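Chemist: Okay, here's what each chain looks like letter by letter:
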Amino acid sequence: MDVSSMQATATAKREPLLSIKGLKTHFATRAGVVKAVDGVDIELGRGEILGLVGESGSGKSITGFSILGLIDPPGRIVDGSIDYDGFDLVSMGEEARRQLRGNDIAMIFQDPSMTLNPVLRIDTQLIETVQAHAEVSTAEARQRARDALVQVGIPSPDERLKAYPYELSGGMRQRIAIAIALINKPKLIIADEPTTALDVSIQGQIIYEVKQLCRKTGTALIWITHDLAVVAGLADRISVMYAGRIVETGITADVIERPLHPYTQGLIDSVPSHATRGRRLHQIKGMTPSLLNLPQGCAFRERCERATPECLVAPEPTLLPGGKSVRCWNPAL
Amino acid sequence: MPVFIINRLFQAFGVILVMSVLVFVGLYLIGDPTSMLVSPEATEIERQALRKALGLDQSIWVQYLTFLGNAAQGDFGRSFLTGQPALQLIIERMPATVELVIVAMTFSVLVGVPLGILAGLRPKAPSSKAIMTGSILGFSLPNFWIGLMLIMLFAVYLGVLPASARGETVSVGPVALSILTIDGWQHLALPALTLGLAKAALMIRVTRAATREVLPMDYIKFARAKGLRPSRILNVHLLKNILIPIITVAGLEFGQAIAFAVVTESVFSWPGMGKLLIDSIITLDRPVVVAYLIMMVFFLVILNLVVDILYMAIDPSAREKVRD
Numbered sequence: 001m002d003v004s005s006m007q008a009t010a011t012a013k014r015e016p017l018l019s020i021k022g023l024k025t026h027f028a029t030r031a032g033v034v035k036a037v038d039g040v041d042i043e044l045g046r047g048e049i050l051g052l053v054g055e056s057g058s059g060k061s062i063t064g065f066s067i068l069g070l071i072d073p074p075g076r077i078v079d080g081s082i083d084y085d086g087f088d089l090v091s092m093g094e095e096a097r098r099q100l101r102g103n104d105i106a107m108i109f110q111d112p113s114m115t116l117n118p119v120l121r122i123d124t125q126l127i128e129t130v131q132a133h134a135e136v137s138t139a140e141a142r143q144r145a146r147d148a149l150v151q152v153g154i155p156s157p158d159e160r161l162k163a164y165p166y167e168l169s170g171g172m173r174q175r176i177a178i179a180i181a182l183i184n185k186p187k188l189i190i191a192d193e194p195t196t197a198l199d200v201s202i203q204g205q206i207i208y209e210v211k212q213l214c215r216k217t218g219t220a221l222i223w224i225t226h227d228l229a230v231v232a233g234l235a236d237r238i239s240v241m242y243a244g245r246i247v248e249t250g251i252t253a254d255v256i257e258r259p260l261h262p263y264t265q266g267l268i269d270s271v272p273s274h275a276t277r278g279r280r281l282h283q284i285k286g287m288t289p290s291l292l293n294l295p296q297g298c299a300f301r302e303r304c305e306r307a308t309p310e311c312l313v314a315p316e317p318t319l320l321p322g323g324k325s326v327r328c329w330n331p332a333l
Numbered sequence: 334m335p336v337f338i339i340n341r342l343f344q345a346f347g348v349i350l351v352m353s354v355l356v357f358v359g360l361y362l363i364g365d366p367t368s369m370l371v372s373p374e375a376t377e378i379e380r381q382a383l384r385k386a387l388g389l390d391q392s393i394w395v396q397y398l399t400f401l402g403n404a405a406q407g408d409f410g411r412s413f414l415t416g417q418p419a420l421q422l423i424i425e426r427m428p429a430t431v432e433l434v435i436v437a438m439t440f441s442v443l444v445g446v447p448l449g450i451l452a453g454l455r456p457k458a459p460s461s462k463a464i465m466t467g468s469i470l471g472f473s474l475p476n477f478w479i480g481l482m483l484i485m486l487f488a489v490y491l492g493v494l495p496a497s498a499r500g501e502t503v504s505v506g507p508v509a510l511s512i513l514t515i516d517g518w519q520h521l522a523l524p525a526l527t528l529g530l531a532k533a534a535l536m537i538r539v540t541r542a543a544t545r546e547v548l549p550m551d552y553i554k555f556a557r558a559k560g561l562r563p564s565r566i567l568n569v570h571l572l573k574n575i576l577i578p579i580i581t582v583a584g585l586e587f588g589q590a591i592a593f594a595v596v597t598e599s600v601f602s603w604p605g606m607g608k609l610l611i612d613s614i615i616t617l618d619r620p621v622v623v624a625y626l627i628m629m630v631f632f633l634v635i636l637n638l639v640v641d642i643l644y645m646a647i648d649p650s651a652r653e654k655v656r657d
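Protein chains in written order, with this note's numbering: chain L, 1 to 333; chain B, 334 to 657.
In case anyone wonders, no lab produced these hints; they're calculated from the structure.
Please read all numbers here as calculations on a predicted model, not as lab measurements.
Some clues are possibly wrong.
Unchecked claim - Taking lysine-lysine pairs in the DSBU-like style, the calculated list, with each CA pair at most 30 Å apart, reads: (1) B/573 to B/457; (2) L/162 to L/185; (3) L/35 to L/21; (4) B/554 to L/21; (5) B/554 to B/573; (6) L/187 to L/162; (7) B/462 to B/608; (8) B/457 to L/35; (9) L/24 to L/162; (10) L/24 to B/457; (11) L/187 to L/211; (12) L/324 to L/21; (13) L/185 to B/554; (14) L/21 to L/187; (15) B/573 to L/185; (16) L/185 to L/21; (17) L/185 to L/216; (18) B/573 to L/162; (19) L/324 to L/211; (20) L/211 to B/554; (21) L/162 to B/554; (22) L/211 to L/162; (23) B/554 to L/187; (24) B/554 to L/24; (25) L/216 to L/324; (26) L/35 to B/554; (27) L/324 to L/187; (28) L/35 to L/285; (29) B/554 to L/216; (30) B/608 to B/385; (31) B/457 to B/554; (32) L/324 to L/285; (33) L/211 to L/185.
To be verified - If you want the footprint, here are the derived chain L segments under chain B, 3+ residues with CB under 8 Å: (34) 97–104; (35) 126–138; (36) 290–297.
By construction, the Cβ of each residue, glycine as well, lies at the ideal position given by its N, Cα and C atoms.
Start from the sequences, fold in the hints, and give me the full structure.
Modeler: This is how it looks when you write it as C-alpha cells:
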C-alpha cells in the first residue's frame, strides 16, 4: 500500500464523506417488485477510492444513481439513508440535490458515445456545467473548461472546445466526460464502468489518469465495474455486490488475496492469470438469480459450494478486524 | 454546399418535367375544354375556330412541346377562360393562401410543440391523456366539419367573427396583406383555426413521440448528473434534439397546406390559390392547372431545401455529410 492510500484510509476512519446505510432501491414493475438494491452499506472516506464490483444486474449502477438521486419511476428508494458530508441525500429536496450534483458529486457514465449531447458543442457542454453551479461569466467558465481539458490530457484543447462529439474518438469523448466531472472540483466522483466501452490500451491510460487526478485533488472515487482486475490496481478498498447486496468489503489486497465470501472467491478464480495459463478457467456454477424471484435466505445459496442449512436465513454483515465485513454464514476465515 | 443546392435544383427540374407530362396527358384524356367554353348552341365550325385559336387542334405532343418552349421563356400560357396569363392569376391569389397557411402553421407549432413535450414528459398523467385524446379528435375529424362547426359557434351563435371572405387588406408593394388590419385578423381567425387544428394535432403527436425517444437517452441523464437546471435540460438538451422530426413534419405540412388548402378555402370562401385550382380543374383550364402545379413543385423543392439547410443548422453531423 502506498503512502497516499494509507493516509486516505486514516482520514476515512475519522469522518466518512459518504455513509450509506441499509439502502434499498426497488422498481415496481408489472411483473413484480425488482429489488435492484436491497440493503447496501457503504462507507467512504475523503479522497478514498472504492471499487464496487459485481456482475451486470447486481445493482451496482443503481447504487450509483441512488446516490445522485437519479432514480426514475417506477424506481424508488424505499428504505435506508445516504449521508453525504452532513447532508441526508434521500430526504433532501430536489433543488438542493441538483446543487450537489455535478458540483459536489459528479458521475462518469459507461458509454462515452451516448453521454455527450450530439447537437451541442463541447464548450457548451462544459460551460453549462460551470454555470449551473456558479455565477461566473461565460469567459471565465470557458477558461475553466479549457483548464479542465488540459487537466485530463486532451491535446489542442482550443480546437476540441469548438468540436462536436461526433468529431471525436471514444477515448477522447470519455476524457471530456471526465473533464466535465472534474470541472467543478467535486469531493466525490462515481464512475460507472467508464472504460468498458473503450479499447484495452485506452482503458489502462484512463484508469491510471483518473487515479492520479483523484489523488492529486483529494477526490473520493467510487469505481463501479464488473472486472475485478480493473479495480485491483486502482482501489483502496473493494466492495463486492451480489443480487442487490454487498457480500464482502475490505482493503483491496485483503479481498483479492484472502477472499472471505464464496462469491468473491469465485470471481477471483475466474480471472485469467499466469498461474491458470493453459487450464480451463473456473466458472461459478448456475446463473444469476432473477431479481424478481430471489431464493429464500442468502441469494447466492443455490450456487454456493459451502451452502449449509443455515443459509436459508439471510446472513447479516459480520464486521471483522481490519475493516473487513462479510455477509456469509460460512466465510473462509 | 453549393453543389448540394445545385443538385437539388436539377432534381427539381426533373420532377417538374415528369409532372408536367402527366398533368398534360391527364387533362387531355379527361375531355375537351372547348365544350365548357362555348355555348351549347354553337356550331361545329365555331368550336373548330376556338380549338384553333387555343392551339387545341394540334396533337398532344406538339401542344406539349410548344408549352415547354414558351415555359422556358417564362410564359406559362393564358387561361382558356379569362385570357389572363396563368402565372399572373396564380400570383394574384398567392398572398391570401400564404398568409392563411403561415398563421395556421404558426398556431399549430406554438400549440402543438409545448403540448407534445408536456405529454411526452409525463405520459401517464391525466393531463397528458387528455392532450392525446384531443389530438386524435383533432386530426380524425374532417376539416370541413371543423370549419362548419367553428362557423356555427363563432359566426352564428356568438356572432363575434365573420364566416367568410378575406378582410380588409393593405398593399405592401405589389402584395396585398390582410394580417396588418384588425378586420383582416377577424376574417383570418376561423379559417386559420380550421387549418391549424389538424396540424396542431399532428405536431402534438410528433413532438410527443420525439420527446419519449430522447428522454431515456444517456445524454439527458448525464445532463441531470451535471446538475443542470430542469429548464436548461428541457429548453436546450431536449428541444434541440427533438427539433429534427418537428421541422421535417412542419415543413411537409406547410408545403401541403400551401398547395392544397382547398377544403378550408372553399368552406370559408377564402380567395386563395386552392379555390383557383379547383375552379380551373372543373373548367379544364389546362394552362392554369399546369402552371399551378409546376409552381407548387418548385415551391415544395425549395421548401425541402430550406428544411435540409435547417437540419444542418441543428444537427452538426448532417453538416458533415454534404461537405464535399
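Chemist: Can you confirm whether the C-alpha distance between residue 324 of chain L and residue 211 of chain L stays at or below 30 Å?
Modeler: 23 Å, holds
Chemist: Do the alpha carbons of residue 185 of chain L and residue 21 of chain L lie within 30 Å of each other, as the hint requires?
Modeler: 26 Å, holds
Chemist: Between the alpha carbons of residue 462 of chain B and residue 608 of chain B, is the straight-line distance 30 Å or under?
Modeler: 37 Å, violated
Chemist: Does the alpha-carbon distance linking residue 554 of chain B and residue 216 of chain L stay inside the 30 Å limit?
Modeler: 28 Å, holds
Chemist: Given the hinted pair residue 554 of chain B and residue 24 of chain L, is their alpha-carbon gap at most 30 Å?
Modeler: Holds - the C-alpha atoms of residue 24 of chain L and residue 554 of chain B are around 21 Å apart, at most 30 Å.
Chemist: Can the restraint linking residue 211 of chain L and residue 162 of chain L be considered satisfied, given a maximum Cα separation of 30 Å?
Modeler: 28 Å, holds
Chemist: Assess, step by step, whether the Cα of residue 457 of chain B is no farther than 30 Å from the Cα of residue 554 of chain B, and give holds or violated.
Modeler: Roughly 20 Å between the alpha carbons, so the hint for residue 457 of chain B and residue 554 of chain B holds.
Chemist: Please verify whether residue 324 of chain L and residue 21 of chain L have alpha carbons no more than 30 Å apart.
Modeler: At roughly 16 Å apart (the allowed maximum being 30 Å), residue 21 of chain L and residue 324 of chain L satisfy the hint.
Chemist: Take a quick look at whether residue 35 of chain L and residue 285 of chain L sit within 30 Å of each other, Cα to Cα.
Modeler: 23 Å, holds
Chemist: Given the hint that residue 608 of chain B pairs with residue 385 of chain B, test it: the Cα-Cα distance must not exceed 30 Å.
Modeler: Roughly 29 Å separates the two Cα atoms, so the pair holds.
Chemist: Between residue 187 of chain L and residue 162 of chain L, is the straight-line Cα distance small enough, at 30 Å or below?
Modeler: Cα-Cα ~28 Å, so holds.
Chemist: Assess, step by step, whether the Cα of residue 162 of chain L is no farther than 30 Å from the Cα of residue 185 of chain L, and give holds or violated.
Modeler: Roughly 23 Å between the alpha carbons, so the hint for residue 162 of chain L and residue 185 of chain L holds.
The structure does not agree with the numbered hints 7, 9 and 36 stated previously, though it agrees with the rest.
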